[in-house]
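Student: Protein chains in written order, with this note's numbering: chain A, 1 to 439; chain B, 1001 to 1229.
Honestly, I wouldn't trust all of these hints.
Here are a few chain A residues that face chain B, going by a calculated C-beta distance under 7 Å [said to hold, decoys possible]:
(1) 50
(2) 54
(3) 55
(4) 69
Only pairs whose alpha carbons sit at most 25 Å apart, straight line, appear in this in silico DMTMM-like list of lysine to aspartate or glutamate [to be verified]:
(5) A:275 / A:373
(6) B:1131 / A:383
(7) A:49 / B:1097
(8) B:1165 / B:1057
(9) B:1131 / A:51
(10) B:1148 / B:1169
(11) B:1165 / A:18
(12) B:1131 / A:14
(13) B:1131 / A:81
(14) A:49 / B:1118
(15) B:1131 / A:373
(16) A:49 / B:1027
(17) B:1011 / A:383
(18) A:246 / A:118
(19) B:1131 / A:26
(20) B:1011 / A:318
(21) B:1011 / A:51
Calculated from the model, a selection of chain A residues having no Cβ within reach of chain B, i.e. all distances over 12 Å [to be verified]:
(22) 12
(23) 36
(24) 66
(25) 74
(26) 92
(27) 98
(28) 142
(29) 174
(30) 180
(31) 254
(32) 276
(33) 293
(34) 296
(35) 304
(36) 321
(37) 344
No lab work stands behind these hints: they were computed from the structure.
This structure is a prediction, so every number in the text was calculated from the model and none was measured.
Note that beta-carbon positions come from the ideal geometry of N, C-alpha and C, so glycine has one too.
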Amino acid sequence: MEELLYGRRLLRQELPAEFVPPQQVEEMATMTIQDHDVRCLRCNTVTNKTEALLPRGQFFCPQCLTLGRVSTLASFYHLPEPNQFPSDRQPLTWEGTLSPLQEACAREVDQCLAHHQEHLLWAVTGAGKTEMLFRALAAAIRRGERLALASPRVDVCLELYPRLQRAFGHQQICLLHGRQTEPYTYRQLTICTTHQLLRFYHAFDNLIVDEVDAFPYASNPQLYFATQQAIKPDGGCLYLTATPGKALLQRVRRKQLTISYLPLRYHGHLLPEIKVRLVPKWRTKLGRQRLPQSLIGAMKKRLNSHQRFLLFVPHVADLAPIQTVLERQLGIPVTTVHAADDHRLAKVQAMRDEQINFLVTTSILERGVTFPEIDVLVLGADDAVFSTAALVQIAGRAGRSVSRPTGDVLFWVGSAAQNVTGAQQQIKFVNRKGRRLQR
Amino acid sequence: MKCLLCGSGIKNELTLKQLLAWQPVQDHQVCQVCWGRFEWITGAACRGCGHPQTTTELCGQCQEWQQQTGFLLVNRSLLHYNEALHDFMQQYKFVGDYRLRQVFAAPLQAMIATVSADVIVPIPVTPATWKERGFNQVTGMLSHCDWKPLIETRAHHKQERQSHKNRQERLATKQPFEMVGAALAQTPINGKRVLLVDDVYTTGRTLYHAAALCRSYHPSQIESITLAR
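Could you build all of it, start to finish, from the sequences and the hints given here?
Tutor: Below you can see the structure in the form of structure tokens.
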């Protein structure tokens, strides 16, 4: 049972009741107490003493309660990571091939992991990132390193797990996320949500963070801290993203982080660029049961030519009024879907099976889903709910298949906005790089 | 300001009444949606245990207690123990989010103020709980009350949580409490009106034990208030 603690830092309550901590276990303090506030040593959050106070002079951390309460009443148990894994000379059972571009990138990734670098891989949406990792992961497994693949989104983890399990047939992979019921197992390769990293301490020789730009990782210093803690002091970290945020790019400019690009999709085509239509006060019009004529026109045109598409809107509350107006103006039934929709999976499946020609949705379909040969329309792209990263991801839904590698991306905005221009610039930037490679 | 239960943002906007009243303003700790999930006991309830029902007659449980102990404990509760309150107690007691003590502190203390009592006695938690949880969930909610720690759990009492037991097991629980001699010497309760306070009234076992213990010191009256029933 000792292996439960290898490279991890756990509270007593997180361990099984019958677990007896071994002799050599390291007991570590959970919090540091300062004059006016306390710092949680698991999530690094500083909380005012009045909020964190327990009776009798004790304190707790209100920030990371969901993982089990950290308080001054408890201590962490930890055992250093011993890298006790059965040797595996031929871990990779995947037999696919990489495109020449992917090949170059895969070599670079391999080098990064071999040298335990901190590296950013900027690969456009639909570039085939996961396959590019296989060779590097296989080499690291042969070296006996402990590895993890983390993502802020649980659906990304759930999608990665079967793909990696297939690619590494002899390896048993540990999957960790907040909603699971299977217990933790000590494995060479772990796939987990970034929140789960808070339970690790100096565990991984190499850590790969997928979709670093996604909510909640991007704006959460807790999770950044967790990443740093989970890696061994001499370990490496690879960030993967299609839409790096300002903070990451700034670290690149300061030469704190190396970067490589994969600006072309696996089929070798550029990203579709965003076209913007200005429709001032569309919300007021929606209140009067009307939608911009250009939007209706664009939808009619696509419906007549049987071109399938997605229409994104900013808020769940916008879905119902837009649905009513569309049903009246187009004269056909309209399907909407949002995160809390009970029929969410069925509706998305219906779109996949081509039973319906379009979906009206919020940003839930922003990443991780592929419908072949679609166009993308966004109403109110200037709304604050769409970050630059989200807009690039949304635009990246178009033109993902070899059969139709291009597609239209149309944004309707109420006014000019930073997030929209930012997204346009990012796409233009990678396309400039891509064009150079195409030649 | 964020809702203590669901984490969504709360806007604390002043109403005209609050402005004109010129009184300290209590900020909302919980959002409207979460607050709306709690059921307040306002209508008719059992005149014994305070369980919400259509009449004020004694419920079956209270009749059993009366037969068994020859005494009826009058209990009043603030809220019905529904799913929302179950989740609340889970977060407050078992996850240990001590900030949640503020959620019902004001209405609970207002309820206590309506009862005329001389000595307010909260139900204690075991030393093991103090070591692990680090607080007593009852006294946490009584920050502005003048309560007296008259009872404590007996040292050799077998410690298993009431919430882990079924009804039969709960009812079979032996007297877990004893009087604190020093505190009793300071605040004698003979001839006084005693008010017991607990978090949840489920079978009544805990409160009847505490009441039986107090009754051997001859108070003039003994009642109880709990957060939930």
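Student: For every hint, state whether the structure bears it out.
Tutor: Results of checking the hints against the structure:
1. Given hint, residue 50 (chain A) at the interface with chain B, is violated; its Cβ is 10 Å from that chain's nearest Cβ, farther than 7 Å.
2. The restraint placing residue 54 (chain A) at the interface with chain B holds, with a minimum CB-CB distance near 4 Å, inside the 7 Å limit.
3. Interface restraint check: residue 55 (chain A) against chain B, minimum CB-CB distance 5 Å, threshold 7 Å, status holds.
4. Hint status for residue 69 (chain A): holds, given a least beta-carbon distance of 4 Å to chain B, under 7 Å.
5. About 18 Å separates the Cα atoms of residue 275 (chain A) and residue 373 (chain A), which keeps this hinted pair within 25 Å; it holds.
6. For a cut-off of 25 Å, the pair hint linking residue 1131 (chain B) to residue 383 (chain A) is broken: about 49 Å separates their Cα positions.
7. Distance restraint check for residue 49 (chain A) and residue 1097 (chain B): the Cα-Cα separation of roughly 14 Å lies within the 25 Å cut-off, and the hinted pair is therefore satisfied.
8. Restraint check: the Cα-Cα separation between residue 1165 (chain B) and residue 1057 (chain B) comes to about 28 Å, which exceeds 25 Å; the hinted pair is violated.
9. For the hint linking residue 1131 (chain B) to residue 51 (chain A), the alpha-carbon distance of about 20 Å falls within 25 Å, and the restraint holds.
10. Annotation: proposed proximity of residue 1148 (chain B) to residue 1169 (chain B) is violated, straight-line Cα distance about 29 Å (limit 25 Å).
11. The suggested pairing of residue 1165 (chain B) with residue 18 (chain A) holds, with an alpha-carbon distance near 21 Å, which does not exceed 25 Å.
12. In summary, the hint linking residue 1131 (chain B) to residue 14 (chain A) is supported, as the alpha carbons are separated by about 17 Å, within the 25 Å threshold.
13. Pair hint residue 1131 (chain B) plus residue 81 (chain A) does not hold up; C-alpha atoms about 30 Å apart against a cutoff of 25 Å.
14. Restraint check for residue 49 (chain A) and residue 1118 (chain B): the C-alpha separation of about 34 Å exceeds 25 Å, so the hint is violated.
15. Restraint check: the Cα-Cα separation between residue 1131 (chain B) and residue 373 (chain A) comes to about 61 Å, which exceeds 25 Å; the hinted pair is violated.
16. Restraint check for residue 49 (chain A) and residue 1027 (chain B): the C-alpha separation of about 19 Å stays at or below 25 Å, so the hint holds.
17. For the hint pairing residue 1011 (chain B) with residue 383 (chain A), the CA-to-CA distance comes to about 21 Å; that is within 25 Å, so the pair holds.
18. With a C-alpha separation of about 17 Å, the suggested pairing of residue 246 (chain A) with residue 118 (chain A) holds against the 25 Å cut-off.
19. Between residue 1131 (chain B) and residue 26 (chain A) the alpha-carbon distance is near 21 Å, which keeps this suggested pair within the 25 Å criterion.
20. In summary, the hint linking residue 1011 (chain B) to residue 318 (chain A) is supported, as the alpha carbons are separated by about 22 Å, within the 25 Å threshold.
21. The straight-line distance between the Cα atoms of residue 1011 (chain B) and residue 51 (chain A) is roughly 20 Å, inside the 25 Å bound, and the hint therefore holds.
22. With 12 Å as the threshold on Cβ separation, the claim that residue 12 (chain A) sits away from chain B is violated: the shortest Cβ distance comes to roughly 9 Å.
23. At roughly 17 Å, the least C-beta separation between residue 36 (chain A) and chain B is larger than 12 Å, which holds for a residue marked as non-interface.
24. For residue 66 (chain A), the requirement that its beta carbon stay farther than 12 Å from each beta carbon of chain B is not met, with the minimum near 8 Å.
25. The non-interface label for residue 74 (chain A) is inconsistent with chain B: the shortest C-beta to C-beta separation is roughly 8 Å, within 12 Å.
26. Even its closest Cβ contact with chain B, about 42 Å, leaves residue 92 (chain A) beyond 12 Å, as expected for a residue assigned away from the interface.
27. Remark: the non-interface label on residue 98 (chain A) is consistent with the geometry, its nearest Cβ contact in chain B lying 43 Å away (cut-off 12 Å).
28. Here residue 142 (chain A) stays apart from chain B, with its beta-carbon at least about 43 Å from theirs, past the 12 Å limit.
29. Here residue 174 (chain A) stays apart from chain B, with its beta-carbon at least about 25 Å from theirs, past the 12 Å limit.
30. Even its closest Cβ contact with chain B, about 19 Å, leaves residue 180 (chain A) beyond 12 Å, as expected for a residue assigned away from the interface.
31. Distance check on residue 254 (chain A): its Cβ is at least 34 Å (rounded) from any Cβ of chain B, clearing the 12 Å threshold; non-interface status holds.
32. No beta-carbon of chain B comes within 12 Å of the beta-carbon of residue 276 (chain A); the shortest separation is about 31 Å.
33. Separation of residue 293 (chain A) from chain B is adequate, the least Cβ-Cβ distance of about 36 Å exceeding the 12 Å criterion.
34. Look at residue 296 (chain A): its CB is around 35 Å from the nearest CB on chain B, clear of 12 Å, so calling it non-interface holds up.
35. The beta carbon of residue 304 (chain A) is kept farther than 12 Å from every beta carbon of chain B, the shortest such distance being approximately 43 Å.
36. In this structure residue 321 (chain A) is separated from chain B by more than 12 Å, as the shortest Cβ-Cβ distance comes to about 22 Å.
37. Non-interface call for residue 344 (chain A) relative to chain B: holds, since the shortest CB-CB distance, roughly 21 Å, exceeds 12 Å.
When held up to the earlier numbered hints, the structure conflicts with 1, 6, 8, 10, 13, 14, 15, 22, 24, 25 and fits the remainder.
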